[in-house]
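Those sequence lines, one after another, are chains A and B. Quick note on numbering: the first sequence equals residues 15 to 512 in the working numbering. Quick note on numbering: the second sequence equals residues 2 to 60 in the working numbering.
These aren't lab readings, by the way, just hints derived from the structure by calculation. It should be emphasised that the depicted structure is a prediction, and the values quoted were computed from it without experimental measurement. Glycine residues also receive a C-beta, built at the ideal position from the N, C-alpha and C atoms. Be aware that a few hints might be false.
[What the hints assert, rightly or not] Heads up, incomplete: computed chain A residues facing chain B, CB under 8 angstroms, no partners named:
1. Phe97
2. Phe102
3. Gly260
4. Glu284
5. Val292
6. Ala296
[Unchecked claim] Now the stretches of chain B that chain A is said to cover, found in silico as 3 or more residues with beta-carbon under 8 angstroms:
7. 7-15
8. 43-56
Listed here are the chains, written in short residue letters.
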Amino acid sequence: VDAVRLSSLDLTLVVVYLVGITAVGLWASRGIKSTRDFFLAGKSLPWWMAGMSLVVSDIGAKDMVGLAGDAYRYGIVMMNFDFIGCTFPLLIAAFLFMPFFWSSGITTIPEYLGRRYDLRVRTFFAVIWSLFMVGTIATILVSAAAMFEGLLGWSFWLSVGITCVLVGLYTVSGGLRAVVITDVVSCVVLIAGATVMCVVGVREIGGIGVMVDRVSALPWTSEHFDLLPSSSHAAFPWPAVVLGLGFVLGPAYWVGNQAIVQRTLGTKSERDARASYVMCAAIKLVFPVLLVLPGLLALGLFANELGPPSAEFDANQVLPLMVTRLVPSGALGILMGAFVAGVMANLDSYINSASTLLVTDLYRPFVNPKASDEHCLVLGRVLVAVLLAGGAVLSFEVKTRFASVFEAFQTFLSFFQGALFALLLFGMLTRRATPASGVAGMLVGVGTAAALNAHGTLYLWTAWWSFVATAVTVVAVSTFTEPKSEADLRGLVCWVRG
Amino acid sequence: MSLASLVVVSIYAGTLAVILALPAAWLGETAESRPWWRRVRLWATVVALIQMAIYARFG
Chain A
15 VDAVRLSSLD
25 LTLVVVYLVG
35 ITAVGLWASR
45 GIKSTRDFFL
55 AGKSLPWWMA
65 GMSLVVSDIG
75 AKDMVGLAGD
85 AYRYGIVMMN
95 FDFIGCTFPL
105 LIAAFLFMPF
115 FWSSGITTIP
125 EYLGRRYDLR
135 VRTFFAVIWS
145 LFMVGTIATI
155 LVSAAAMFEG
165 LLGWSFWLSV
175 GITCVLVGLY
185 TVSGGLRAVV
195 ITDVVSCVVL
205 IAGATVMCVV
215 GVREIGGIGV
225 MVDRVSALPW
235 TSEHFDLLPS
245 SSHAAFPWPA
255 VVLGLGFVLG
265 PAYWVGNQAI
275 VQRTLGTKSE
285 RDARASYVMC
295 AAIKLVFPVL
305 LVLPGLLALG
315 LFANELGPPS
325 AEFDANQVLP
335 LMVTRLVPSG
345 ALGILMGAFV
355 AGVMANLDSY
365 INSASTLLVT
375 DLYRPFVNPK
385 ASDEHCLVLG
395 RVLVAVLLAG
405 GAVLSFEVKT
415 RFASVFEAFQ
425 TFLSFFQGAL
435 FALLLFGMLT
445 RRATPASGVA
455 GMLVGVGTAA
465 ALNAHGTLYL
475 WTAWWSFVAT
485 AVTVVAVSTF
495 TEPKSEADLR
505 GLVCWVRG
Chain B
2 MSLASLVVVS
12 IYAGTLAVIL
22 ALPAAWLGET
32 AESRPWWRRV
42 RLWATVVALI
52 QMAIYARFG
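Sequences and hints are given; from them, build the entire structure.
Structural data, given as structure tokens:
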């Protein structure tokens, strides 16, 4: 793929975006006086801001590149990651989990697990999520560096340094409020950039009908227009998509991922918490088309050049090829702005949430239970800077084996998703789930996932069976162990409202 | 409609049924509280119906 050549107009648009988003973040940083302000935006966020922030906390530059490549390889089945993998869990979470978490007054999901089960469950998931987030911060910095190196010719360390300084400026000072307000801008830019790519591609190929005809004529695309492929599909058989993605991985991500849930916990009312998730679900109806369509357009336009998706096929070159061949000057600046928006919105969300987890679930319970709020606020800010610096150092290591490290982090997380969602579900829906069953379910679920992964099972099935193993264990162990009293469960179980 | 489509459409239909069955008071959306077009349940219904249509057509 040829290098991207930015005109002065494109460059100006990218720089204006970088400077503008940092200025907006700094403007939003005023009036932070407590950890509630810093970690939860003072519980003042309106539903529409939280909803748009949810979208860009999930979708980043890596998704734009990755989904286009996977759509080239597998077709519209990839839309399921935003349809049944998002809208279904978002609707369930909007009416069941989120208003409930909001009113229970928690700051983090491990905090809920600790109050519902015990400290062991809380600590286990806090450590797991913290490790995952630090790894994710490093991988996001590597993608940022790759982008700036390609676009502006900056060196790796200059790119990482400038990204850290810009994001750090408003995330250290403004906490969640600054993160969410900048995310709103990023969401608009991301949608605009993705739309530009699709419009340019559709015009080039001559319409959607032509694209469908050309793709269908290729010999390896028999299931490319099946949203739910046959049960014999090598990567995405429909039962695994429905059970693994729709019932476990999607809900675990949208209900259990601190970087996602935190903006909803910062909304100003229970109704805003619910509405933010429904708004995110509505936007998510559009994104699958914007992210998957470029991959299908590439199939219609460049299949002879890119070839069939064999084992050596590099899916990450699909979108860059579309960009370099099709996007005109000016539009390229908007598209690049969308990439930068995706990186910054992802990065600030993960840094803010990692800091929240470390202070709330590890520092306060284990290191300094008597720490004052002012002390924790300062620590939260220091940790944001430390996490950025740590991510920058780690990013150099990650850079040399980016693909394998990114995949390793995703695989690592998939070990815990089934167990996490089962514990959240049983914890919220039944007062009978006991603390002992929480610990046993966690161990059995993670063990099952590790064993299945070692056996080479498809990750969607791994998630489903680890969920089932945790659920069976929670039910079994709860029958002969002592549940918490009704007073202890007040505000933690659906039927025992506070 | 294929079996796969039928299963997914049914999942969304079930979700929609649960959302519609929730008591208005529990959601804080009684008749006096806000106009119909500002109710979260309405927009959740629209999203669920669009998803059902998409899976019925392309599943």
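Results for each hint:
For Phe97/A, the interface hint holds, since its Cβ comes within 8 angstroms of a Cβ in chain B; the closest pair sits about 6 angstroms apart. The restraint placing Phe102/A at the interface with chain B holds, with a minimum CB-CB distance near 7 angstroms, inside the 8 angstroms limit. The criterion of a C-beta within 8 angstroms of any C-beta in chain B is met by Gly260/A, whose closest approach is roughly 7 angstroms, and the hint holds. Hint status for Glu284/A: holds, given a least beta-carbon distance of 7 angstroms to chain B, under 8 angstroms.
Taking 8 angstroms as the C-beta contact cut-off toward chain B, the hint placing Val292/A at the interface holds, the least distance being around 5 angstroms. Below 8 angstroms, beta-carbon pairs count as interface contacts, and Ala296/A has one with chain B at about 6 angstroms; its hint therefore holds. Only residues whose C-beta sits within less than 8 angstroms of a C-beta in chain A count toward coverage, and the region 7-15 of chain B has 4 of them, enough to reach three; the restraint holds. Counting residues of the region 43-56 of chain B whose beta carbon lies closer than 8 angstroms to any beta carbon of chain A gives 9, which meets the minimum of three for the stated coverage.
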